[in-house]
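End of the sequence shown sits at 881 in my numbering; the numbers just go up one at a time, nothing left out.
Since the hints were derived computationally from the structure, they do not count as laboratory data.
For each residue, glycine too, the CB sits at the ideal point set by N, CA and C.
Check the hints yourself; a few may be wrong.
[Stated by the list, open to error] Quick list of simulated restraints, FRET-style, between CB atoms:
| id | residue 1 | residue 2 | range |
| --- | --- | --- | --- |
| 1 | D196 | E749 | 44 to 52 angstroms |
| 2 | Q775 | N805 | 44 to 52 angstroms |
| 3 | A62 | S399 | 29 to 37 angstroms |
| 4 | K680 | F835 | 52 to 60 angstroms |
| 5 | S194 | E749 | 42 to 50 angstroms |
| 6 | N805 | I154 | 29 to 37 angstroms |
| 7 | N873 | M722 | 53 to 61 angstroms |
| 8 | G725 | T440 | 21 to 29 angstroms |
| 9 | D203 | G396 | 43 to 51 angstroms |
| 10 | P107 | E749 | 52 to 60 angstroms |
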Amino acid sequence: MRAVPLPLALMVASLLSAPLPLAEAVDYEKDVKALFAERCFACHGVLKQEAGLRLDTAAFMKTGGDSGPAITPGASHSSLVWTRVSSTDPDLRMPPEGEPLKANQIAAIEKWIQSGAPAPEQEEPEQDPEQHWSFQAPVRPMVPTISPPTEETLHPIDAFLAEKQQIAGVQSVSPLDRRLWLRRVSLDLTGLPPSDADQNAFLEDHSPDARGKVIDRLLESPQYGERWGRHWMDIWRYSDWWGLGAEVRNSQKHMWHWRDWIIESLQQDKGYDQMILEMLAADELYPEDVSRLRATGYLARQYFKFNRTTWMDETIEHTFKGMLGLTVNCSKCHDHKYDPITQQNYYELRAIFEPYQVRMDIIGDETDLQNNGIPRAFDCNLDAPTYLHVRGDERNPQTDRPLAPNVPGFLSSTAPFEVRTVQLPVRAVHPGVRDEVAAAYRKQAIRKKENATAAVEGMNKEGETKSPLEREILLLKKSIADQELQSIDLRHTADRLRYLAETMDGSPDQVLAEAARSVTQLAVYRAELACKELDWQTSQESDNKKKEELQKKQETANKQLDEARKKHESPGTDYPSLVGSEKTAESNIESEESRKKPFPKQSTGRRSALARWIASDKNPLTARVAVNHLWARHFGAPLVPTVFDFGRKGSPPTHPELLDWLAVEFMESGWSMKHMHRLMLTSSLYARTSSSKGATEETLRSDRENRLYWRMNPIRMESQVLRDSLLALAEELDMRTGGPSVPVSDAMSKRRSLYYFHSKNEHNQLLSVFDDANVLDCYRRATSIVPQQALALENSQLAQELAIKIAQRIGATSPNSNIPDGDFVVLAFRKLLGYEPNPQEIERSIRFLESLRQAMPVNQDAAPDVASQKSDPLPPQAAFLLALLNHNDFITIR
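Just need the whole structure built from these sequences, with the hints factored in.
In structure tokens:
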């Protein structure tokens, strides 16, 4: 290699050490420190100091760590920071994870060091992570006093906002039109537009509390629980089961029981803290209360058939994101990069959930769990250990150090986490002792007996039409039905003797022996039936090969019959309980033997400890996260933009004082959501228009994005609200509440949209087009405006049929059937859009209706049968309404 001439080398060295021209100066705070905060502080900040090095101040960089100073001002290429970030060697390059720094970022670091590494003299280091705002208990701040006071600023929410608006020189816009306000609050609280009667009653009510009365009425309506139930179903990741064919691989069948519990709990205004307790630990806190056990569907939904670690990971991740706004899943493989959560903390959290499994309990009269049952949690493996997985790899557990259940230390001091073993009542451990369970089995057995008896009676009436073998088969089926009923009664009695120590007629051994004998007799009858049915099939078979196969089966059946008869000769006192865990436990990860063991008599108490810890009014996160979700759905934007991350990586609150005031108010109200709804909806903010028309130039210049809430945010209709509104406007909505999910195949169902079967594999297509909830993760719904939405609504058979019916409803408001176009347009705007059309809108709408009539076939009826609309053009009024349904003012809640 040719040597570089000395003068050239000196020139290069002088260029490298010379200060940069002023025009090329780097902004340390913006270009360097912000970059280090994003990519380097996780390992070299206050949380952790790899190699003894901190990079959160220039002074720390100059001091350096184990390898000496990190920077040498004026000499970038000899500074450790620059050499490591610019290295192409993967073993040396920093940061070691993620993409390498970009060329312009490396250049900014180089220029900053070369220019002498200037930094503020009193540069503050990173804040102690445990002092982060969301990790401190909220304290109710004083409500600001606004001068001069107005009726508007007397409301605490408005006072907090007005204080910031005054400082910024921002002025609020005017209130919303009353008719539009009614549409807004109706859709907000119930997901349905106001009826004509509701509109008329509100517009005629000029009392000071007219709006308050509307809010109270809507909160008490059954539709409130359905509307807000869907919001929390989003956050808690509601999903019906999915898998392959009939095989359940994710979630559970009959999850609608949990959905109904959510709706009912909201309708009853059950405290949010109580809802947390029931979802995480109803089986430990209320083990005999079936209505509360439905809540643990939250845990049943996390079920994943093939990998226990995946199941546990999702349970931990979404419990903490949804209830505490923490991204603890970052700690599965290594210590959290931003929050004081170690990898060990993560596996201590896993230890809380480690013992739990999912089982299906009988409910009502149905004993076939394929048809119905309550999917619920229970602690199955009480001694299951939890090990830390090295680098998050479950194939490499640290088996020499099992971990105890715990919560992260920086939060454990704020709210107590105390694990206490739970002794479960007999009726939870042995469901067969419950009278209602026995009654369900008896009802099923009686039905079988009636059918078998009817078949025998029918055979007797027919005389000799059946062969002797056929007659034997029918008689055997009747004997089995008789024996099943008798066995249910005997086993139920024996269960109550064995587990409840009830006094029975006869000695205990005699009662148990009778139960055992009833089971063995039943086995004999069933074995005999199997033999007889094979005899019948063989006698009817002409194919020799198939006959040979049947004869082999006969040999096996005869052996089984002999074994059944031998067992029946000495049945002993051991019998299967009326309900065994082998029938109700969903423990696919376990061995077959494990599934047949009885339900444990104890529960670890770990989940109830976690539930109490989360639901404590001492926990700094729970109330904040909840009111942030409420606020976001009422006002269109959350106070904390990162709704599932209140940690150091997340965004800070836009209005911290207001957030804390609301959080404390929520807890002191008994965690009442209805109280928070009333509080938010009675604010002047909620009554403001969402339009910026009329806003001052200073307001638009200072806060065009409305961070200070000088107007309301327009909110795009969620998919369920859109579909339900169509049905409601046509007066076709089926108002029944609860029950099994509606099959996706029933696209024309009139039930509310939240009742549709909803899973990763199956979902209603119209709802999906309009940004339906993602079953995997939906803390805040995505919103989109794409052409496919207009096309879907325009071409939807349901929308077209409902447009015809809405037109008929509007026409019915007129004393004659030929309602003038002008009147029709005004009524349509009021009904669909919630406001009065202006003269120009009326004129254009009339012209549009006239153009539709001119384009119609000569023989087209004015009001054709709905069923004929698949190919025929819509009547003009219905086509006009379909256009209004695609109007932005219909899709948007103004």
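Verdict for Q775, N805 (Cβ pair) under range 44 to 52 angstroms: violated, 37 angstroms
Satisfaction of the hinted span 53 to 61 angstroms by the C-beta atoms belonging to N873 and M722: For N873 and M722 the Cβ distance comes to about 26 angstroms; the hint is violated.
Hint check for G396 and D203 - Cβ pair distance inside 43 to 51 angstroms: 45 angstroms Cβ-Cβ, so the 43 to 51 angstroms window holds.
Supplied distance hint 29 to 37 angstroms, evaluated on CB atoms of N805 and I154: violated, 59 angstroms
C-beta pair G725, T440: status relative to the range 21 to 29 angstroms that was hinted: The hint (21 to 29 angstroms, Cβ to Cβ) is violated, given that G725 and T440 are roughly 36 angstroms apart.
A62 paired with S399, Cβ distance criterion 29 to 37 angstroms: The hint (29 to 37 angstroms, Cβ to Cβ) is violated, given that A62 and S399 are roughly 47 angstroms apart.
Consistency of beta-carbon spacing, E749 to D196, with hint 44 to 52 angstroms: holds, 46 angstroms
Satisfaction of the hinted span 52 to 60 angstroms by the C-beta atoms belonging to P107 and E749: With Cβ atoms ~58 angstroms apart, the hint holds.
Verdict for K680, F835 (Cβ pair) under range 52 to 60 angstroms: violated, 25 angstroms
CB-CB spacing for E749 and S194 relative to the 42 to 50 angstroms hint: With Cβ atoms ~48 angstroms apart, the hint holds.
In summary, the structure is inconsistent with hints 2, 3, 4, 6, 7, 8 from the numbered list given earlier, while agreeing with the others.
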